[in-house]
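The hints should help you fit chain E onto chain C, whose structure is shown.
For the record, the sequence lines run as chains C and E. Take 7 as the starting number for the first sequence in the working numbering and just add one per residue. Take 7 as the starting number for the second sequence in the working numbering and just add one per residue.
Hints were generated in silico from the structure; no laboratory data involved. All the pointers check out, no bait thrown in.
Copies of the same chain look alike in the list, so a pair counts if it works inside one copy or between any two.
Derived pair list, reagent style EDC-like, types lysine to aspartate or glutamate, alpha-carbon separation capped at 16 Å:
no.: 1; residue 1: Lys-11; residue 2: Glu-74
no.: 2; residue 1: Lys-103; residue 2: Glu-148
no.: 3; residue 1: Lys-132; residue 2: Asp-390
no.: 4; residue 1: Lys-254; residue 2: Asp-237
no.: 5; residue 1: Lys-54; residue 2: Glu-74
no.: 6; residue 1: Lys-363; residue 2: Asp-392
no.: 7; residue 1: Lys-132; residue 2: Asp-392
no.: 8; residue 1: Lys-447; residue 2: Glu-195
no.: 9; residue 1: Lys-39; residue 2: Glu-74
no.: 10; residue 1: Lys-144; residue 2: Asp-104
no.: 11; residue 1: Lys-336; residue 2: Glu-426
no.: 12; residue 1: Lys-448; residue 2: Asp-385
no.: 13; residue 1: Lys-58; residue 2: Asp-354
Protein chains: 2
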Amino acid sequence: MHISKLLIPILKNNSSEATIKSHQLMLRVGMIKQSSAGIYSWLPLGLKIMKKIEQIVREEQNKIGAQEILMPTIQPSEIWKESGRYDDYGQEMLRIKDRQNRDMLYGPTNEELVTDIFRSLVKSYKSLPQLLYHIQWKFRDEMRPRFGIMRCREFYMKDAYSFDQNDEHALYSYNKFFLSYLKTFKRLELTAIPMAADTGPIGGNLSHEFIILAETGESKIFADKRIFELDYSDTSLEKKSLETLRKKYDQYYSVTDEKFNKKEFEKNVSEENRLITKGIEVGHIFYFGDKYSKPMNASVDLPGGMKQFVKMGSYGIGVSRLVAAIIEAKYDDKNEIMKWPLSVAPYDLALIPMYNKNDNSALEKANNIYLELKKNNIDVLIDDSDENFSSKIKKMNLIGCPFQIIIGKKSERDFFEFREINKNTENLSLNNIIEIITKQKKN
Amino acid sequence: MHISKLLIPILKNNSSEATIKSHQLMLRVGMIKQSSAGIYSWLPLGLKIMKKIEQIVREEQNKIGAQEILMPTIQPSEIWKESGRYDDYGQEMLRIKDRQNRDMLYGPTNEELVTDIFRSLVKSYKSLPQLLYHIQWKFRDEMRPRFGIMRCREFYMKDAYSFDQNDEHALYSYNKFFLSYLKTFKRLELTAIPMAADTGPIGGNLSHEFIILAETGESKIFADKRIFELDYSDTSLEKKSLETLRKKYDQYYSVTDEKFNKKEFEKNVSEENRLITKGIEVGHIFYFGDKYSKPMNASVDLPGGMKQFVKMGSYGIGVSRLVAAIIEAKYDDKNEIMKWPLSVAPYDLALIPMYNKNDNSALEKANNIYLELKKNNIDVLIDDSDENFSSKIKKMNLIGCPFQIIIGKKSERDFFEFREINKNTENLSLNNIIEIITKQKKN
Chain C
7 MHISKLLIPI LKNNSSEATI KSHQLMLRVG MIKQSSAGIY SWLPLGLKIM KKIEQIVREE
67 QNKIGAQEIL MPTIQPSEIW KESGRYDDYG QEMLRIKDRQ NRDMLYGPTN EELVTDIFRS
127 LVKSYKSLPQ LLYHIQWKFR DEMRPRFGIM RCREFYMKDA YSFDQNDEHA LYSYNKFFLS
187 YLKTFKRLEL TAIPMAADTG PIGGNLSHEF IILAETGESK IFADKRIFEL DYSDTSLEKK
247 SLETLRKKYD QYYSVTDEKF NKKEFEKNVS EENRLITKGI EVGHIFYFGD KYSKPMNASV
307 DLPGGMKQFV KMGSYGIGVS RLVAAIIEAK YDDKNEIMKW PLSVAPYDLA LIPMYNKNDN
367 SALEKANNIY LELKKNNIDV LIDDSDENFS SKIKKMNLIG CPFQIIIGKK SERDFFEFRE
427 INKNTENLSL NNIIEIITKQ KKN
Chain E
7 MHISKLLIPI LKNNSSEATI KSHQLMLRVG MIKQSSAGIY SWLPLGLKIM KKIEQIVREE
67 QNKIGAQEIL MPTIQPSEIW KESGRYDDYG QEMLRIKDRQ NRDMLYGPTN EELVTDIFRS
127 LVKSYKSLPQ LLYHIQWKFR DEMRPRFGIM RCREFYMKDA YSFDQNDEHA LYSYNKFFLS
187 YLKTFKRLEL TAIPMAADTG PIGGNLSHEF IILAETGESK IFADKRIFEL DYSDTSLEKK
247 SLETLRKKYD QYYSVTDEKF NKKEFEKNVS EENRLITKGI EVGHIFYFGD KYSKPMNASV
307 DLPGGMKQFV KMGSYGIGVS RLVAAIIEAK YDDKNEIMKW PLSVAPYDLA LIPMYNKNDN
367 SALEKANNIY LELKKNNIDV LIDDSDENFS SKIKKMNLIG CPFQIIIGKK SERDFFEFRE
427 INKNTENLSL NNIIEIITKQ KKN
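Just chain C, with the same shape it has in the complex:
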């Protein structure tokens, strides 16, 4: 893509309305534009990144056998009255009257609607487990929307739901999502730690928040540092293997503030391992048994003819919020350098030809390289503007493509100034550059 053709309104300075760095950067490089309080449009750069995140989330859901469906944004109030949450949910729920004067609402979450689908379609234990997910816009009418898309009103979320015939099976489903979440965040190059958490308006007695560390985070966390060294590489989707994984994580204290207990923390975590800090919630999983299936009468026939209310869990990932979370984790705001993980980068590489009024040989060279890279499936953003070199570099450092090629007058025929963003420049042949990027993309 040539930057002259891209709708990418770059600001010289940070906007005064933005107080955290993800919000600043997203406005600065034109990833989003606010349309009303807590409601944003996504411009090409931001959308491209969000779509890549969405696809990674989707792939990891599919890998555990979850099926994608798509529920509407507007829900009938009746099912929320059945579950008992219609009155409880409070003002965060956007309530709507349609032209027939029926009570509708913009879904803040989908436990009721998915339970309604389940009860009308699935009748037998033989069809279990059912793992269903969708990726859809949600609305929560926050009192004070803030921090850009981090705490906004209309947001994009993956929410999954599991249906099982008993607690044991249901915990197996829960653990599949537990693993799947670790894998999803790893692919986004985030260290997201599962923390025992409160269940809030979703309900139930078992819940983990997946939290990445960030000073600007709104979640206060208390953890044993050693939990950050764990990984899931030896885990399979087998039941036992997942149980081992859960135990491995459960051995270290790690909770959000609602679950915090000072005595326990100090008893279980030696002083040198204590970590008290802030983080951003990027995922949240819940097990709540028959909290919804019972009032909504969602049951299956067991062998022998008995009926059993299905045992359910729900599993959310904030897809739009992850865009901001990655920025919080990766953006060096002192030096104004962003580096997107290659897996979600808007473009793999920034091609930066020096501009010279009387000599466009650098741009011509860059255009040739652009075509060559494109042939090799490397997605390139070329700065064909007439800005000076330092402002081009500054801009590309903010946009954050992981690699850069700089084309000056002195570029030799077959060697180019190449660098991974924020690292040293090397002179490499184009073939060599293609090899390096292709190899990293495969990882």
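Frame of chain C, contents of chain E only:
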């Protein structure tokens, strides 16, 4: 995918609530489930098809240089007051009050919001043309939602907007979309004819509806038959070439009923070429100049410093409606056989092993073939249920994968009963089958 693991609730008979064949089939094979009047959830089979249609629509937008953005579903009322449509739009607009008592609405279309984005980001004629599109849920509070997703309330739509500095440039943009629409519908194996149409609440003086013929369609059309023989194969994205294309189509009378004029029709179309029938609108394009840019003050600086209100057009494709439109065009409801175009088929091939209580060799064989096809990037739905053969065939004929392999006891070692749905069966080697499908997928 094994059918036993797929949430695909097949009904034995047509549901009485469905009166047109797309609605019947979509309920019959579990593509959608109604959650309230005119609002549907998409189940795995339906969603998979819709996502493929969405991707084709997206690719064809990208090919003409349109950039993808994503505007929110909930819009502020202020911009609609600026354009003057807030009061005009009537009860089809879903109006909402948020917790701060602000007037919001669920976007039925996006002229205002995209104009608001444009005016705040684009200042100079040098940044023109801008072609922006998004694919997002819309809501129109229909008085009588009906025909399933064909006339529903919450629907999925691609809407694009063009911004140019004068009429001449703007018509060039209009013509790009005109070509792009012909290409999009061709890839969906639909013959969609552009018909001069009324502009309705969008406004302007130039508009085409793209209509496919269907007896169940709600649009009445009057056309010269010869327009169905035209094609765009010699057209490029050059201005002149597009003008030639437009002239080619304009030479034949073809209008929707609001534009119908009996005298003109009879004067311009000889009796044997007259076609009066019904169709389904799958796309609609509009040119309306400065209808929105003027009241909303969206202007650019021209060379010399003059300001000019931008000239705009808008371009819609009903992505969710297309799922139903393709069924209306392709479903043989007498024989209960659907055949999806390979480009959007939920699976390329249905693998149908005969079930035998005491001998599962057919299923084993099928599982091996399944793996082999998967290796070759052929997406297969295998019926591993214990239903009898004729009910399996019946089901797969409804689901409509374009190809079928039947595995009976008598299948010889290396040859299999293969057919394109609704055609004759041949005995072919697996390699041969893979070759046939792969070749067709490339087309």
